[in-house]
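Fit chain B to the given chain A structure using the hints.
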Amino acid sequence: MFSPKEPFACGCLVSKMKKAIIYLEDGTIFQGRTLDTKGETAGELVFNTALTGYQEVLTDPSYAGQIVVMTYPLIGNYGVNDQDVESKKIWVKGFIVKEFCRKYSNYRAAKSLNQYLNENNIIGIEGVDTRALTRHLRVFGAMKGMISTEDFNPASLKKKLKKTPDMEGSDWVKEVTTKEKYIWGPKENFSFKVAALDCGIKFNILRILEELGCQVHVFPATASAQDIKAVGPDGLFLSNGPGDPAALPYVTDTVKNFFGVVPIFGICLGHQILGLALGGKTYKLKFGHHGANHPAKDFPRSRISITSQNHGFCVDADSLNKNEVEITHRNLNDNTVEGLRHKKYPLFSVQYHPEAAPGPRDAQYLFEGFIALMKEHKKKK
Amino acid sequence: MPRRSDIKKILLLGSGPIVIGQACEFDYSGTQACKALKEEGFEIVLVNSNPATIMTDPEIADHTYIEPLTAHSVEQIIKKERPDAILPTLGGQTALNIAMQLYENGVLEKYNVKMLGANYEVIKKAEDRKCFKDAIIKIGLEVPKSSFAYSLEEAKKAAQALGFPLIIRPSYTLGGTGGGIAHDMEEFERIASLGIESSMIKEILIEESIEGWKEYELEVMRDNKDNVVIVCSIENLDPMGIHTGDSITVAPAQTLTDREYQTMRDASLAIIREVGVETGGSNIQFAVDPKNGRMVVIEMNPRVSRSSALASKATGFPIAKFAAKLAVGYSLDEIRNDITKETPASFEPTIDYCVVKIPRFTFEKFPEAKDVLGVSMKSVGETMAIGRTFKEALQKGLRGLEIGHTGLDNKLNYKEIPDEKIRLRLNEPNASRIFYLKYALQKGFSQEEIFQLTKIDPWFIDQISQILEFENKLMAFYRKEKRLNEELLRQAKEMGFSDAQLAQMINSDENAIRTLRKTMGIEATFKLVDTCAAEFEAYTPYYYSTYETEDEALAQDEKIIAKLGQKRKKIMILGGGPNRIGQGIEFDYCCCHAAFALKEMGFETIMVNSNPETVSTDYDTSDKLYFEPLTFEDVMNIVDIEKPDGVIVQFGGQTPLNLARRLHEAGVPIIGTTVHSIDLAEDRKKFSAFIEKIGIAQPENGSARSVDEAIEIANRIGYPVLARPSYVLGGRAMRIVYDKESLLSFIDEAKEVSQGHPILIDKFIEDAIEIDVDAIADGKKVFVGGIMEHIENAGIHSGDSACVLPPHTLSEELVDKIKEYTRQIALGLKVIGLLNIQFAAKGNKIYVLEVNPRASRTTPFVSKATGVPLAKIAAQVMAGKKLDDFKLVECDELKHVSVKESVLPFSRFSGVDIVLGPEMKSTGEVMGIDYSFGAAFAKSQISANQALPKEGRVFVSVNDHDKRNVAFLAKRLVDLGFGIVSTKGTSRVLKSSGLDVVVVNKHSDGQSDLLAYIQKGEIKLIINTPSGERSQSDMRVIRAAAILYNIPCITTLQGAWAAVNGIDSSLHKEFTVKSLQEYYSENCIGCAV
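Chains as they are written, first to last, in my numbering: chain A, 1 to 381; chain B, 1 to 1089.
So that you can see chain A by itself, here it is in the shape it has in the complex (with noise of 0.2 Å):
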């Protein structure tokens, strides 16, 4: 870490052809090099502690508008293939790694992480000391940043810096969600409808969804109560995805249409807007999580998950009306709320990825707690 005083002080030595800073809204910066991709990128940086599935992180619509910074040094090991991806591009504005590998191994892989990074014009960097950079990001909370392999002035980066908008208030969703409307799944024989508004939906939570016979009819988040009650769902289910919750009413004001009509699931974005839905609140997390290994109590069943989580923002526990909300979940970690469900209507979400990709699969059994209220649903229609 360097003082924004004296900036280039130290770090790794690259050649300046090479050469890449990244700028932080404090004034801090970082060195490091990019392999081929060259410009300027800005987000929120935020760190991720998974030590494998680097692929699944690039493609999960839910980074949309972040820098990633991996905690895990080497990345790339074994390369990108074809299936591990989360949605159809990658959505991080920036990748920070302390080295990319440059020969990849895996049998199912078909390029290396920097020929996709490239082909996504994606700016790449390695050479970070990327645990200072963590480090700082923890103790000074998640903060806007710049990547640039070609403006190396502080006082220019940081002109260009405040016009990227904070993530906070911020509608990131509207980037990430589905244009139109489409099905996922099979066209006929399948046991539950299910309605998914997508906020940045990842793609395993619809292969999930398909494998325990569910036809998914993905909607748009902008999608209204009546466009999605017309293909009459078994199910509504709340997507994960970037940004604010708050700054997302029209999804909000639509779930409500729900409460009691369907069963409803939501998932990590899903689950605050819930949360927003039933009159609580969200704040903001200092660095958030970003990582498969937090640990969260699901109370009622009296276990403990291994969890894939994303999340930056999180439902406020004092915020809900506790006659009708319980809060079914917390990360043991630092305790905040990681599930809830409605006393009385067929309702409920966690703010972590039971879905996983990357991460644990522990908490699968979720899904098939959905499948198991929209049943009993049906079963009363």
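I should point out that these hints are in silico values taken from the structure, not numbers from a laboratory. Quick caveat, the model's predicted, so the values are computed rather than measured. Check the hints yourself; a few may be wrong.
Derived DSSO-like pairs (lysine-lysine); straight-line CA-CA distance at most 27 Å [said to hold, decoys possible]:
#	chain 1	residue 1	chain 2	residue 2
1	B	Lys-473	A	Lys-38
2	B	Lys-480	A	Lys-18
3	A	Lys-375	A	Lys-187
4	B	Lys-518	A	Lys-18
Okay, now just chain B, sitting in the frame of chain A:
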């Protein structure tokens, strides 16, 4: 769920002596468990036959039994102590096997002892290959195709059905003893019959070969609420076919996608649940076909293992401690993560560095054995290195191995190695394959060809290639510019190149490189091992070095000072590095004691070590832990940042002692005995003059720097002579030399070992009794901690010979003389701290053989025998206390007798003769305590897995020298009810004494009568003393058969006498057990630290 309240007293089983496959990792796990359970208020009964362990320190458990680890012995302890429960999952395979036996023979039920951690069915399901296979298939996972066999016939049938190559794995053995890979029927028959023999239940598994597949291990923990976490994943660099203990391994797994890793994780969860391990740690091994990702389950250990120790050190997650807490009722979320303080243990550690473990071999000790690796473990120790990249960690690990490499260096000139040799060394797994991999790349082999030859994953091959490519780039620059620039030097350091390695590359010297990089501002930075990749604040100062922009050690230091409100004086303790023959757990024990003692005195203790198996590298043994190689450079980097007030070099064996001079010259404050005094003791010439000056006898000797000088000295003092290199430990390359010819061949071999130091030549005193003394001196006073009389005569390395304390045949007068000499030497050498002296007594004359101004291998044994913690006292003396500050009484009148016996690894090295000599070969030791020499010796033999027989036939064959004395010995055996079988020569002597002897042919007589006797199991004890240096090949066959059939084989007459004593005692006295605490209370042990 809180702690169980239905149990109060817990029996914990240790793992016994250090053997290949079961080393000090179980001291680490057992000690952690003891501490954790004691903290919870349980009363702990501990059994371990190994005195060199921290866990057998009398203050660790409430009742400490240094008794044999056999079902019979443990039953006596259960009968006496009546524990409520037994915890068998922390003492390796030994503990697990004993618990199984105790269950099977009804002892646990009889005394109502519950099994904690894993019950009988669980252990059976995991350990019994057939049950395990069924369990795996039941949950939908795959195992390699296989069959079981219980006889050679059955095995052959199965082999034909499965097709070669095949792997043979015996069930219920230690570390894969007796297993192997067979490529044809002939090889198969040999390995299969050996395997059936070595299996406790005479069962072998024959399975499809998955040689060359990728190998992985996952460390899993489960609690009683069915919460399961994976602590660490490990990927083996060496593929399937090489025992994981002999493989270079890397944490975390490098080449698995998240999808594949999660599949493996899911499988691990399913396996631990299906097998039913109730609480605690398990290790599960997988193989993955690199071509298509097919995953098969290899095996599971339902207990903590060597890999758990590695995983604990690699992540900071203390598996053994948590396993103990889970066993007594806690769940993972109820246990706090010590490092982060605020988060619970129910998480999966994530790391932001790369860890490389490299095994250490000692094939040089067994020149007859090939250094080829396979499924049976051969390594005796390991080193672990942490770096920000694999390249850095690998190079740190290679220099931390202390085998003369400065990293992935160029010890051999690749140009001089023929391609064919490279192909062979790559294709046949061996101890130096990693270096040949580099030579191959240097010679232009393609990565593809190297992969085909080694099946090492291309990822690793390319990483090594990157190191080489950088080296070439740096060399090209240097050749052109005749200098190094900052950019290259920094990159070199980031890639783990050591200063010494760079110096070798450019023909410079290490100090010059060090100075150069320091002027360029290139300094090591220290990062924390924190279980969470910096996501949470860490409170435990556990560091590794790397070359990055931010250093965390200084900031952490300020936090500590702020918390304590004061700055403590710092003392740094240098550990012993990887275990090897001659330097193992004993030295780690001493280092731990130094840390404990100095902490008590209020110092801040800093431990430096690179051995993941040890207690010293537990983050709560000292105030700070630096997990670093023990080289000058790495130690100086820590000194630069910590600026210790004192550094201790005399506890970690030869490793730190070898650094002493350079550290001293660099201005490092070494406390205790000065470097000058160390030198005086190590330099034979100076030492000889010193001994002469104080007027003590010594064998005639000289030190030679040339071949001519050596011959001249040997001629002058007369053969036989004892020849050895200086500055080595464990009698490395030491020989008794009988003529000029063998002297020349010795010099040839010693050249490489001694590296410029002179060769020492001593007159060999035949038929002398060897005596070891451990003492502490403070400059004015000397405390003789213990005098040990060796059972074998001088000439057998002290580390290999059995010894007894107090001495049982020495006269009071001799003992007094020995004490007096010890005082004179200690004061004359100005020793501050520990010293060890070896004497030889012949008649009434005492000779000084050797003085070591440092902790010795026997320090822990003496401490356990006498109850006086020598290492602790010595550490405090070094830090300024005086001996008078302790109430010490030299206790000559101990009521009990302690015998130390060594444990030898011969069964691991086929083709090696088991004869003892001046070069140390044992891997570990056991201790037997009782009220008579015979009883203590008998116990020590049981513990060393060579229990003396109570009846049957004894084979006696001795060399001419021993023939004079053999008759009386044989007579005693006959009196004790044994029959005697003998060869012609020896039988003549016996018959002439009127003994009834069965005469057998030696092997070379054309028949193998004797072998037939052995195979039929009729010989219960072998007494065979080899003749001279050239041992006869027929006797080698007999000794090899003894190993194979596990018949106690004694190769010295003194050893045979001790055995007779032991047999006598076990025939006439009941086997009884007693705790250390009880023994101590019977003696006037005058020590209060």
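Against the structure, the hints:
1. B:Lys-473 <-> A:Lys-38: 26 Å, holds
2. B:Lys-480 <-> A:Lys-18: 24 Å, holds
3. A:Lys-375 <-> A:Lys-187: With a Cα-Cα distance of about 20 Å, the restraint between Lys-375 of chain A and Lys-187 of chain A holds, given a limit of 27 Å.
4. B:Lys-518 <-> A:Lys-18: Holds. Lys-518 of chain B to Lys-18 of chain A sits at ~26 Å (cutoff 27 Å).
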